[in-house]
Amino acid sequence: MATPALKPVAAGAPPAERMRRSYLNADYSVASWLLTVDHKRIAVLYLISVTVFFILGGLFAAGVRLELLTPKGDLLQADTYNKFFTMHGVVMVFFFLVPSIPATLGNFLVPMMIGARDLAFPRINLLSWYVFILGGAFALAAMIFGGVDTGWTFYTPYSTSYSVTNVMLAAVGIFITGFASILTGLNFIVTIHRMRAPGLTWFRLPLFIWAHYATSLIMVLGTPVIAITIFLVAIERGLHIGIFDPALGGDPVLFQHLFWFYSHPAVYIMILPGMGVISEIITCFARKPIFGYSFIAMSSLAIAVLGFVVWGHHLFTSSQSVYAALIFSILSFAVAIPSAVKVFNWSATLYRGAISFEAPMLYALGFIGLFTVGGLTGLFLAAIGLDLHVHDTYFVVAHFHYIMVGGAVLAFLGGLHFWWPKMFGRMYPEMPARVAAVIVFIGFNLTFFPQFLLGYLGMPRRYHAYPAEFQVLNVMSTAGASILAVGYLLPFCYLLWSLKFGPKAANNPWGATGLEWTTPSPPPTENFAEQPIVTAEPYTYGTAEDLEEVSVA
Amino acid sequence: MRAYDFPLFPEQASTMAAQVDYFYLFLIAVSLFFGVIIAAMLVGFSIRFRRRNPQDVGHHIHGSTLLEIAWSVIPFGITMVIFAWGVWLFFGFSRPPDNAHEVFVVGKQWMWKLQHMEGRREINELHVPIGQAVKLTMTSEDVIHSFYIPAFRMKFDVLPGRYTTSWFEATKVGEYHLFCAEYCGTEHSGMIGKIVVMEPAAFEKWLSEQPPAPQPPGHPAAAAVSAPAGAAASPVAAGEALFTARACATCHLPQGGGLGPSLVGVFGHMVKLSDGSEVLADEAYVRESILNPTAKIVQGFQPVMPTFQGQLSEEQVMQLIQYIKSLDKGAPASGQGVAQTAPVGADSAS
Ligand code: HEM
Ligand SMILES: [Cu+2]
Numbered sequence: 001m002a003t004p005a006l007k008p009v010a011a012g013a014p015p016a017e018r019m020r021r022s023y024l025n026a027d028y029s030v031a032s033w034l035l036t037v038d039h040k041r042i043a044v045l046y047l048i049s050v051t052v053f054f055i056l057g058g059l060f061a062a063g064v065r066l067e068l069l070t071p072k073g074d075l076l077q078a079d080t081y082n083k084f085f086t087m088h089g090v091v092m093v094f095f096f097l098v099p100s101i102p103a104t105l106g107n108f109l110v111p112m113m114i115g116a117r118d119l120a121f122p123r124i125n126l127l128s129w130y131v132f133i134l135g136g137a138f139a140l141a142a143m144i145f146g147g148v149d150t151g152w153t154f155y156t157p158y159s160t161s162y163s164v165t166n167v168m169l170a171a172v173g174i175f176i177t178g179f180a181s182i183l184t185g186l187n188f189i190v191t192i193h194r195m196r197a198p199g200l201t202w203f204r205l206p207l208f209i210w211a212h213y214a215t216s217l218i219m220v221l222g223t224p225v226i227a228i229t230i231f232l233v234a235i236e237r238g239l240h241i242g243i244f245d246p247a248l249g250g251d252p253v254l255f256q257h258l259f260w261f262y263s264h265p266a267v268y269i270m271i272l273p274g275m276g277v278i279s280e281i282i283t284c285f286a287r288k289p290i291f292g293y294s295f296i297a298m299s300s301l302a303i304a305v306l307g308f309v310v311w312g313h314h315l316f317t318s319s320q321s322v323y324a325a326l327i328f329s330i331l332s333f334a335v336a337i338p339s340a341v342k343v344f345n346w347s348a349t350l351y352r353g354a355i356s357f358e359a360p361m362l363y364a365l366g367f368i369g370l371f372t373v374g375g376l377t378g379l380f381l382a383a384i385g386l387d388l389h390v391h392d393t394y395f396v397v398a399h400f401h402y403i404m405v406g407g408a409v410l411a412f413l414g415g416l417h418f419w420w421p422k423m424f425g426r427m428y429p430e431m432p433a434r435v436a437a438v439i440v441f442i443g444f445n446l447t448f449f450p451q452f453l454l455g456y457l458g459m460p461r462r463y464h465a466y467p468a469e470f471q472v473l474n475v476m477s478t479a480g481a482s483i484l485a486v487g488y489l490l491p492f493c494y495l496l497w498s499l500k501f502g503p504k505a506a507n508n509p510w511g512a513t514g515l516e517w518t519t520p521s522p523p524p525t526e527n528f529a530e531q532p533i534v535t536a537e538p539y540t541y542g543t544a545e546d547l548e549e550v551s552v553a
Numbered sequence: 001m002r003a004y005d006f007p008l009f010p011e012q013a014s015t016m017a018a019q020v021d022y023f024y025l026f027l028i029a030v031s032l033f034f035g036v037i038i039a040a041m042l043v044g045f046s047i048r049f050r051r052r053n054p055q056d057v058g059h060h061i062h063g064s065t066l067l068e069i070a071w072s073v074i075p076f077g078i079t080m081v082i083f084a085w086g087v088w089l090f091f092g093f094s095r096p097p098d099n100a101h102e103v104f105v106v107g108k109q110w111m112w113k114l115q116h117m118e119g120r121r122e123i124n125e126l127h128v129p130i131g132q133a134v135k136l137t138m139t140s141e142d143v144i145h146s147f148y149i150p151a152f153r154m155k156f157d158v159l160p161g162r163y164t165t166s167w168f169e170a171t172k173v174g175e176y177h178l179f180c181a182e183y184c185g186t187e188h189s190g191m192i193g194k195i196v197v198m199e200p201a202a203f204e205k206w207l208s209e210q211p212p213a214p215q216p217p218g219h220p221a222a223a224a225v226s227a228p229a230g231a232a233a234s235p236v237a238a239g240e241a242l243f244t245a246r247a248c249a250t251c252h253l254p255q256g257g258g259l260g261p262s263l264v265g266v267f268g269h270m271v272k273l274s275d276g277s278e279v280l281a282d283e284a285y286v287r288e289s290i291l292n293p294t295a296k297i298v299q300g301f302q303p304v305m306p307t308f309q310g311q312l313s314e315e316q317v318m319q320l321i322q323y324i325k326s327l328d329k330g331a332p333a334s335g336q337g338v339a340q341t342a343p344v345g346a347d348s349a350s
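Those protein sequence lines, which keep their order, are chains A and X. Mapping to this note's numbering: the first sequence position 45 is 45, numbers consecutive. Mapping to this note's numbering: the second sequence position 241 is 241, numbers consecutive.
Isolated chain X, as found in the complex:
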């Protein structure tokens, strides 16, 4: 909505945008309701009961319990409606649908690095299809950032040492702002990018292209050089390669029997620990096990795994997690049959 030569209302470009806006308008209506009552009292009484004669005094009115109760209970009722509506929207934001297109996000002073599940990487730009849910799994390499797309009314913090997730579904083809909303240092206001919403067919085509690997801004020359083959490998494939290259596979044999537990079918299930407790093998657990392996020891194993702290970038950890996640499904997206045909690790170890 462009009323003058500058906008007064942000564009609506996601399924949540209109819903948030209705809620916002409702809150404006509530505010106007109370605002008008209070303004009417202040202005009306000020005029009606102004002191006309220096000797005038006011009436001796001490209060009214009835009124006090009314103006506590009515606002309370209204705020509970606001509360419920806000929670309902919040649930909408926090539950991504199952079939979402997945994107991994790493925030870093001061850029956004993104990778699609299918492999394509981007910096400070995110291409997404219209009409399909997009799920973001996000982490930071340094300080706290916050992934914010005003046109989608969504924002979520991007924390070092943790994974956060959020999702959206774009409803309008076009380009939209991507901001970092959590103050993150000198170039905080430069940590911006754009979201490009495309028709599904155009998006599929874009996704399958093999462009040069993106370079950080400020390296135009480097960007021109075409990337080595495999730059657009999917995170699962990249994770698999890492799993071999970093010799994880020497201990984590797919069929078990290695120094470490087999990782097949682990992700998403409960794991028994040596202290008898159980933990859900989610992203955070896998990440911790890579970077701080002695924190949680799986029952029946020794704390012999070395730490990879400082040796893997956040993107690499994310790729390893995706690979381990794929082992769960029995038919991983890439490196077909790793789970069944054992010796990927064994090969490279020899």
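Next comes chain A alone, as it looks inside the complex:
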């Protein structure tokens, strides 16, 4: 099924003619989209799907935040509220964050960045989108037929024996969706190994590719575990076999181990691709090579590997042995180091650069700020004596939103702006884009910073009503969320607008390096007219005359 190796320009139409045809206008029929095996079209299908899920998840979040405006649970019933935060979590994690960057930007760019015509298994790529949609349909069905109220973590025995909501449908949805992730990961790994252009050695790969390689390893190794775990929940619920429910002879903590064995690495599925995006953007807009290329590349792999051995830091309060807690704590600190290395490297890349501040760069700078806050507060949680206080409070909610929303979503938006001209051949209006980036940053901090304070004060998460003294901070948070919503709506409007009215984009509007910028915008179906050959190091920004090696040791 592998794509045949790229041939020099095929017979038939003369090159100039062929190149005017892009993947977008190659064919207009609906079938040509739904049956496409072109990685770029599949990326667009994914982009539309995850956007729909993001809006859906956002609506649930709005419900949650509005409810929390007042201490009394007056806007939503308790069980409605529980369903709202559950579906917010399920949709955002499994149907937005996990697929967002890999399945859209990754799908579009991985083959182009390595000079290939498509992914290794184009049909499997299409299959992964259908699997994703099928899983999504089950999740939507779970919502339409009354919702789920277990929280996205599905802790047992609540999920297996007590919840009377649509746990089965949601579980099946997540189970199926996992396979989309596995297929995408497999496809990327094989593609990156086998289909690099001549001369594109491992240490010439864009960091975006390294990030996706590391992510794919987690997808392939971790996702089966969540699939099995969710499957066991379904079995126990359906057949009352004691696996997790002690009343049936099972072990409730076993579920937590299995769940986090996937779900902690999964947070790196959400953030590693974002780190890849940021690396590309920073070096481009600073117009100089990235600082510490190999350290950034290797830190991606280190995060992927270490990410598998820290799941126990979600179980500090749930009766694991003191010594297990100790080990998981120290390993959690170890995984913080490669993340810190990346932040320092991005910052150092700015040193003596020629920095300009177009929208993608603003998103990237915002990413570094928010990711830093998220990472530093991770230290608070990994410190076991302190986690006993802040675990399962709003402190945790703030922490993972800084990482996942502040980090992954800003990277997604930054990447979308950066490659938008390439993907659709149109420029978006610059000013609204910069304004939106600033609004997102401000709105985000207003929304989530108060939640650190709330958490340390002791407000538990997943509370539908709360003591009155927490109200002021909650009102601040809800106010921030409305600003944030405006920040998200703006790109939605002007990006759509640009598809029709935006000025035509040049092939390389940012003056970036990388094979994807050598193709027309938007690229033709076969990506490259001729097999590109790579002869240079990555990120050769900067001129030769002021060559200056700080590198010594």
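Honestly, the hints are just simulated from the structure, not real lab data. Since the structure is predicted, the reported quantities are computational estimates derived from the model, not experimental observations. Treat each hint with caution, since some may be false.
As the list claims (entries may be wrong) - Below are the DSS-like pairs computed for lysine-lysine, each with C-alpha atoms no more than 27 Å apart in a straight line:
1) X:Lys135 to X:Lys205
2) A:Lys72 to X:Lys113
3) X:Lys194 to A:Lys72
Using the hints, position chain X with the ligands against chain A.
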């Protein structure tokens, strides 16, 4: 600390609270240190090295191994300090002192049921003395809950089918929030209560009162009816009564020789099993032996004990455990001399 009309810092009301707060402030200092460095780099470089002329390019700097090593090793060193400090606090939380006042906690959708070792029961309220360690032994009747007192900076999960323990020592008279921190279903946010910290004398007086047995919230009428005598019996006494009523005593004769092993002096010691292995007779072992008796057979006995699964509430199991525990001491807190004068069980069996 009330800076404005709303608090920004939780009250400190236990011996651990201040220690956790120092650690928290230290972590904030570390975060500010790194935060300021990174912000200074981002903002400073952005201004200093902004592109002034569209043709400008950056300098060709590839990296510096020296710097990479520095900014890996220094953060690693700092995180190890954080790690050690966090572990030290954690040990503080996990070792209750010996003389602690004991309280049994049962979590249930959606209330907290508590019983003091001396017998007094409470629902969604826990009275404790100031200046004395309070040890909690906790279990759940249904799903996972989590016992959380922010003013004491302590939290521990309450699991079905297991006992977890935690402890605290209150340092300030007053009332504090008690929350359930693990999502447990519809009324999760209603599973709250209060901790009332009292002067020791007031607490002793409170403890010895014989109030009506508490009723679940929502039954005000029922609460008004005074409880039957013995409602405030200590867990040991209640356990003893159960031991007789459920006919445990017919097989577990104190001096041995029954169908089951004598339980005197068993708790806290190793027990030899029929498969040759040994197991420590702790709460979990006793609980399992009551609910799933065939799981571990004591050497020299047949697997004939019936299961009490579904017939005893978690509180009753806890009371039985306390009773069996008391048999270990030779002089149990209640039912004096059970261990020595044999026929408690024999009596009722006849
Ligand atoms: C790199 C990106 C990271 C992501 C995407 C991430 C994501 C998350 C998420 C989703 C949770 C919440 C789990 C829940 O629902 O309870 C969480 C909790 C946690 N995170 Fe992170 N995290 C990241 C980095 C870190 C780092 C660097 C550390 C440690 C140094 C860390 C330590 C923790 C700990 C200990 C918890 C558990 C806290 C608790 O539940 O009390 N995280 N993280
Ligand atoms: Cu609860």
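Right, here's what the structure says about each hint:
1. X:Lys135 to X:Lys205: Answer holds: Lys135 of chain X to Lys205 of chain X is near 20 Å, not above 27 Å.
2. A:Lys72 to X:Lys113: Holds, at roughly 24 Å.
3. X:Lys194 to A:Lys72: Roughly 18 Å between the alpha carbons, so the hint for Lys194 of chain X and Lys72 of chain A holds.
Going through the hint list in order, the structure satisfies each hint without exception.
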